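Each of the two chains sits in its own frame; use the hints to bring them together as a complex.
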Amino acid sequence: MKNVYMDYNATTPLHPAVAEGMKEDLSVYANASSMHEAGRRAMARVERARAQVVALVGAAADPERIVFTSGGSESNNTVFATMFHLGRRGGRRGIVTSSIEHPCVLNAAAWLRDEGFPVTFLPVDGDGKIDLDGLRAAVGPDTLLVSVMAANNEIGTIQDMRSIGAIAKAAGAYFHTDATQAVGKVPVDVEEWGADYLTLSCHKIYGPKGVGALYFRKGAPFEPLIRGGHQEHGHRAGTYNNLGILGFGTAASLAREELASYASHVGRLRARLRDGILAAIPKVRVNGHPVEVLPNTLNVSFPGAEGEAILLHLDLSGIRVSTGSACASGSLEPSHVLMATGVGPELAHGSIRFSLGRDSTDEDVDYVLSVLPPAIARLRSMSTVQA
Amino acid sequence: MSDAFAWLYSDVVKDHFMNPKNVFNPDEGFKADAEGLTGNVKCGDQMLFMLKIADDVIVDVRWKTYGCASAIASTSMLSEVVKGMGIKDAYNIKPDDIARRLGGLPDNKIHCSVLGDKALRAAIDDHLAKTGRAGLFRNEGARVICTCLNITDRDIEDAVKAGARDWEGLQERTKIGTVCGGCKTGAEELLHEYVHIFAD
Ligand SMILES: Cc1ncc(COP(=O)(O)O)c(C=O)c1O
Ligand code: FES
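The listed protein sequences derive, respectively, from chains A and S.
So the number in my numbering is just where the residue sits in the first sequence, counting from 1, plus 1090.
So the number in my numbering is just where the residue sits in the second sequence, counting from 1, plus 169.
Keep in mind that the hints were calculated from the coordinates and are not lab data.
Here the structure is a predicted model, which is why all the values come from computation and not from measurement.
Take these hints with a grain of salt, some might be off.
[Claimed, not checked] Pairs of lysine to aspartate or glutamate, DMTMM-like flavour, derived with a Cα cap of 25 Å:
#1 287/S to 1423/A
#2 183/S to 1322/A
#3 344/S to 229/S
#4 183/S to 1127/A
#5 211/S to 1215/A
#6 1092/A to 1449/A
#7 1092/A to 184/S
#8 287/S to 229/S
Bound conformation, chain S alone (with noise of 0.2 Å):
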């Protein structure tokens, strides 16, 4: 099937989809350090993700999600990915990144890929804060702004400095804001005072 109508997504997507890596599975009997759960129901989709973590190092990952395919797949894809990562860099893992290994995401999907790293990041607060850690990535790490889809203070100082000077600029490097739209009033402030600073 080389018909480019012939799914809606990329042969990767597909096959996460159809194959998804590393999901939870009773039987085994895996033995998580720490979870994250994120997302509900009613909004379509959740997410739990399970890590075996040692000195700082994720070493296993399991899985479970209610979603739609494109939640399935970049959650299958990002599982995999973190396998073997430091738990600060696997924090700091964008859904951009996950949307360019599954070969892109169509702009209305990018959502569902989100809620992955967010759950994530939840279990590594969850390692954290069993750790006597709490916060220690949010308090010294960016400060995220576009909840959505994770983007931070520091990404609109990039985007900035890249040459973004006004919303859609910031948007058309970002994507921020493109999905609830919560985020714009805030990210707007930064944006203006980061303009001030590096533009002018």
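So here's chain A without its partners, still in its complex pose (with noise of 0.2 Å):
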């Protein structure tokens, strides 16, 4: 049977160049914190894979600007941690944040809610858009953090994130942006959008899972979320993840050598997708903003079918997939992506996101295209619900 994976957005195969590198990289045990030789060689190689991890999202900062964690979580973590002891200590404590951020911001920023910092969470348009306005008015003297993801994994909308850093800046507060989707799919400059914090994780540009890392601008406050030895100048401590280190730096290279060809490829993968399901199937909805949007990413909704039973049987037939369905979650909540967008709960539960990657092909676009609409069609026949 054809396998054809969709869900790049969840995470990433290894780009071979990555594996062959880790391969070889396998003999680099050394502790980079050991003062011997080879712990002095394993350190210079996590040095290079730091400036190479810089370049990605900056091309003019600093490496010492980069921490490495073991993912987006913690990276949006430690963030938030650092929010709540500088809350504590006094003077400002008001985050502000979107409604359709990844679970590990919203639970972070709840979390803060709860030790009763004030906490927005903004709502966004039809096509995933926070509104600037309502951003300016919900900043303010007592404004400490903005948050606002660069691109959403759902529905793939790309935030405005040189004025949302303008406005947090004006406000005085500190700017962090959850890059994690962004990154390797489009440019990311931490200058340009004035980010005062940046979070990446490895496993969504074609490196190891378990790694990633926070940008924070020079000058920044930081707050250790793991405390111990003094790696990564007292930042993040736990000896170094050599290997997956290593890969990050390969893939972050990569990444940004590719950059061009890459959005080009997907996104032409990306319209033809797009384009046949709309020819070939009716009624159905396409979610997120139509331009500002990841190159990779496609997310419908199919009413009258819902979510989970669509996904398993494109599973089925081999292809992967996920859905904003609830069904899907274990939850009895559709997407709060989507809920968010105001879609109505019909269209998040039948809701698909297709992502794309480096090894799409245009026989997997063919292949879905042929799948999908009986899907569809059978699903619906069978439905008490009028597409």
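Listed below in structure tokens is the structure:
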């Protein structure tokens, strides 16, 4: 049976060059904090990776601004923990974020709210964009942090980072962005965005899982989430994850080199998939912003058909996607992202996310376009809900 | 595909999901004597059950659903089971029976499988109403305490007689309150009452 992976926003396979490099780097076992030669060699490699990673998020940025973490979730939590400590010491305490963030930001923000911090979850419009005037109105002299994701993992909508950064700065607040889904897919520049903190994760850019990074601007406060040894200048304790970090460095270099060709490749396939679906299946809704959207992400609602049923039908045909349906998540609520865009529960339950990647092909798109229309027709024909 | 991870559910579920039985087809000209509709799109699932009934026996069934794979598979199974069954027996089918016939469903999927029998009961109630016996089974039968899982006061009584003494013990035996949880207060009151009567 065919195996078509269209869930690259969930995670990516290793880039072949990353896999090759990591195989060789299996021998880099020394503790990078050790003073002896083997340790110093390992450290040199870690530092090279750090330079490769920082180059992906800011051409002019200093490698010292990068702290390696275990991934996007840890990076985001580190920022919120830092805000917790700042806020407790007095002064500003307001947190402004969006209602469509990844759960690791939403739950970290909810934690601060439970600790008594005033937290605002900004609404988004039908395309998933936050309203800049709404942001201007939400920030004030008490705002400590503005945290808005650069691009959304479910619908792919890209926010206006430069304007959001400027609004945060004008209010005297720190600006953090979870760029986990933007990095490697669209140009990311911490200087241009005015970001004080930026989160990135390696397994979304064809590198290994369990490694990520947090960029922080020089002078931005930093409170370690993990205390211990003095690794990462005391910002993040724990013996260096040599293999993960070295893989991350290679993945970051490749992501930067291949950005333009990647974007045009997945962008072309996404357009084909979208047009094919719109031509073959009546009454569908493409979710997310029509233009300011990740080149690889296509989120579509199929009214009349339920998302988990669609996902499993596709899965039985070898096609791997994800859904915003409540049934698939094990909760009783459909995707908070789609609900925030106001599409309503039926369209949220019936949504499918196709996320393409560097290995996606025209044949993959053709295959999906041959399987999906009859699947939707079948589920709609047995549905109590009219499409 | 014998690999345990090859499919989330049992082969029986897979088969009923991909090739469901007794799905309503408008071209067929099926004329139902009674119909029941439950659930709503807001929760992600809705079910319609249509019955042909002769002498209080279900002679034929059709159904439609907006729902997940578990909902589709369990309704398909249910529709096979009730064909030829007296309406009273059909009224007393529990989601657990259907889940067992399907080779089991994941815990968080039991909810999806209860919709079918709710719709079935609604259709039988419709039949009773149309034949001048509205509410017949509801009044004479056991009282449903947990609407999500169709667990009655009789089931709680049986569980207590079998050794359940507290909420956890009751849940172990019946899975009561594991879906919306809304029945907990009422069920605990009954539990205490029955423990008092049948245990001590
Ligand atoms: C937007 C976003 N933020 C954060 C994360 C979490 O990253 P990680 O899996 O590296 O913890 C993800 C990945 O699921 C994501 O899509
Ligand atoms: S009423 Fe019992 S679980 Fe919902």
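Hints, verified against the model:
1. This hinted pair checks out: residue 287/S and residue 1423/A have alpha carbons roughly 21 Å apart, not beyond 25 Å.
2. At roughly 50 Å between alpha-carbon atoms, residue 183/S and residue 1322/A are farther apart than 25 Å, so this suggested pair is violated.
3. With a C-alpha separation of about 31 Å, the suggested pairing of residue 344/S with residue 229/S is violated against the 25 Å cut-off.
4. Proposed proximity of residue 183/S and residue 1127/A is contradicted: the alpha carbons are some 58 Å apart, above 25 Å.
5. For the hint linking residue 211/S to residue 1215/A, the alpha-carbon distance of about 21 Å falls within 25 Å, and the restraint holds.
6. At most 25 Å may separate the alpha-carbon atoms for a hinted pair to count; residue 1092/A and residue 1449/A meet this at roughly 14 Å.
7. Taken as a hint, the residue 1092/A and residue 184/S pair is honoured in the structure, with Cα atoms around 20 Å apart against an allowance of 25 Å.
8. The suggested pairing of residue 287/S with residue 229/S holds, with an alpha-carbon distance near 18 Å, which does not exceed 25 Å.
In this structure, the hints that do not hold are numbers 2, 3, 4, in rising order.
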